[in-house]
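*Asks:* Take the given structure of chain D and dock chain A to it, following the hints.
Chain residues, written in single-letter form:
Number of protein chains: 2
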Amino acid sequence: MINYPIKRKAQVKTTNYANLGMTLESDIEASNTYYLNHGIAVIHKKPTPIQVVSVSYPARNKAKITEAYYKTPSTTDFNGVFEGHYIDFDAKETNSKTSMPLKNVHPHQIDHLRAVSKQKGIAFLIVHFKVYNEYFLLPAQILFEYWDEQHTEKGRKSIPYETFKEKAFLIPFGFQPRLDYLKIIKQSFL
Amino acid sequence: MINYPIKRKAQVKTTNYANLGMTLESDIEASNTYYLNHGIAVIHKKPTPIQVVSVSYPARNKAKITEAYYKTPSTTDFNGVFEGHYIDFDAKETNSKTSMPLKNVHPHQIDHLRAVSKQKGIAFLIVHFKVYNEYFLLPAQILFEYWDEQHTEKGRKSIPYETFKEKAFLIPFGFQPRLDYLKIIKQSFL
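Protein chains in written order, with our numbering: chain D, 1 to 190; chain A, 191 to 380.
I should point out that these hints are in silico values taken from the structure, not numbers from a laboratory. It should be emphasised that the depicted structure is a prediction, and the values quoted were computed from it without experimental measurement. There could be a bad hint or two in this list.
[To be verified] In the DMTMM-like style, the derived pairs of lysine to aspartate or glutamate whose C-alpha atoms are separated by at most 25 Å in a straight line are: (1) Lys46(D) - Glu324(A); (2) Lys310(A) - Glu29(D); (3) Lys310(A) - Asp77(D); (4) Lys64(D) - Glu215(A); (5) Lys261(A) - Glu153(D); (6) Lys235(A) - Asp148(D); (7) Lys293(A) - Glu219(A); (8) Lys236(A) - Glu93(D); (9) Lys46(D) - Glu257(A); (10) Lys64(D) - Asp267(A).
[Said to hold, decoys possible] Cβ-Cβ distance ranges computed for the label pairs, FRET-style: (11) Glu83(D) - Thr223(A): 35 to 43 Å; (12) Phe363(A) - Asn37(D): 35 to 43 Å; (13) Glu339(A) - Glu166(D): 52 to 60 Å; (14) Leu360(A) - Lys186(D): 23 to 31 Å; (15) Ser74(D) - Thr288(A): 36 to 44 Å; (16) Ala220(A) - Ile110(D): 19 to 27 Å; (17) Tyr132(D) - Ala253(A): 25 to 33 Å; (18) Tyr132(D) - Lys357(A): 52 to 60 Å; (19) Thr33(D) - Pro297(A): 13 to 21 Å; (20) His151(D) - Thr238(A): 15 to 23 Å; (21) Gln241(A) - Ile110(D): 27 to 35 Å; (22) Pro350(A) - Pro101(D): 55 to 63 Å.
Quick reminder that beta carbons are idealized off the backbone N, C-alpha and C, glycines included.
Excised from the complex, chain D in its bound form (with noise of 0.2 Å):
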């Protein structure tokens, strides 16, 4: 029996704003398949809203959409159920070695999180520092705080690296689920 190595694919850069996150959504989406499949929560990707302009039907049952065009989101992009707690999310990745800027999240995210919390689900964001190649569980409450304060007099426009490393949660990266986010919640949440 030989092992032949596996052969990895060059990693291709590229400056396509749709592939951004990629890799970290397809690592939550692996990870979300894993708890599914045993047993242990129901997560989903909410799909990209899309507004449809034209439909044509070139064969019989078959709608093929010709016209259409990429809606910003209203909400975050993963929810579900673990244990009966409700689940609210976002993924968001940054290369920089000192901060998360404020600009990866938008306003109208803030407000499905703020409305989410009162509702007692729980809801954070899912970092990661590219360059550090580290992953955090950050809290709602404290992208809440940096928020609100951006535009106060001490306010910035981004939360630092430091406050990751003092108050989110270190999520490490493995085989199976790669990223298991929902121990964090269940040690440090429920």
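*Replies:* Only chain A this time, still in chain D's reference frame:
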């Protein structure tokens, strides 16, 4: 001050399947908007999943999707959080006077609702009997019973209207919210 009467557009009959359930869906969405605006719950309809095949960029930063197809959703249409509880449901309409055909429900929706129930989420259908103009909240448990029995000897391919009368919950149609399904959840599920 003159109050001009509001003219309602004549209702257009259509066989376009994309419009089936349009009214029920918008009634539920209006109810969800009411819940959101009044801080009662955060429940959204998930976007329809679409497989994008080609995108053109006719203008800077403006992506135009030129070829795409509808995908089969892997979950139900609606989910969210109500006072800490995870809520998950789908909306179904039927023209039948006697029953709701089980073929209105996709097998993957059954799988999803089962997984949600196991995670202690609140899972149900909202079913509109159009001929009676009645709306029912059908607990997923009853749906599962009929689903599992359909291939047995005494099984049937639909849930009788009588079962709705006896075991489901009638949702009164009102002004705001139009369909106060969370009132039933609060009274009978929590």
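*Asks:* For the pair Pro350(A) and Pro101(D), does the Cβ-Cβ distance stay inside 55 to 63 Å?
*Replies:* Once the Cβ atoms are compared, 57 Å apart, the range 55 to 63 Å for Pro101(D) and Pro350(A) holds.
*Asks:* Taking 25 Å as the top limit, are the C-alpha atoms of Lys235(A) and Asp148(D) close enough?
*Replies:* Cα-Cα ~28 Å, so violated.
*Asks:* Does the alpha-carbon distance linking Lys261(A) and Glu153(D) stay inside the 25 Å limit?
*Replies:* Not OK: Lys261(A) and Glu153(D) at ~49 Å, beyond 25 Å, violated.
*Asks:* Can you tell me whether the CB distance of Thr33(D) to Pro297(A) sits inside 13 to 21 Å?
*Replies:* holds (18 Å)
*Asks:* Is it true that the C-beta distance of His151(D) to Thr238(A) lies inside 15 to 23 Å, as the hint says?
*Replies:* Distance hint for His151(D), Thr238(A) is violated at roughly 37 Å.
*Asks:* Can you let me know if the beta-carbon spacing of Tyr132(D) and Lys357(A) is within 52 to 60 Å?
*Replies:* holds (55 Å)
*Asks:* Given the hint of 25 to 33 Å, check if Tyr132(D) and Ala253(A) actually sit that far apart at their C-beta atoms.
*Replies:* Distance hint for Tyr132(D), Ala253(A) holds at roughly 31 Å.
*Asks:* Should the hint that Leu360(A) and Lys186(D) are 23 to 31 Å apart at their CB atoms be regarded as holding?
*Replies:* Between Leu360(A) and Lys186(D), where Cβ atoms are some 39 Å apart, the hint is violated.
*Asks:* The hint says 52 to 60 Å between Glu339(A) and Glu166(D); measuring C-beta to C-beta, is that right?
*Replies:* For Glu339(A) and Glu166(D) the Cβ distance comes to about 56 Å; the hint holds.
*Asks:* Kindly confirm whether 36 to 44 Å is satisfied by the beta carbon distance between Ser74(D) and Thr288(A).
*Replies:* holds (39 Å)
*Asks:* Could you tell me whether the CB distance from Ala220(A) to Ile110(D) stays inside 19 to 27 Å?
*Replies:* holds (24 Å)
*Asks:* Hinted pair, alpha-carbon criterion (25 Å max): Lys64(D), Asp267(A). Please report holds or violated.
*Replies:* holds (22 Å)
In the structure shown, a violation is registered for the earlier hints numbered 1, 5, 6, 11, 14 and 20, in ascending order.
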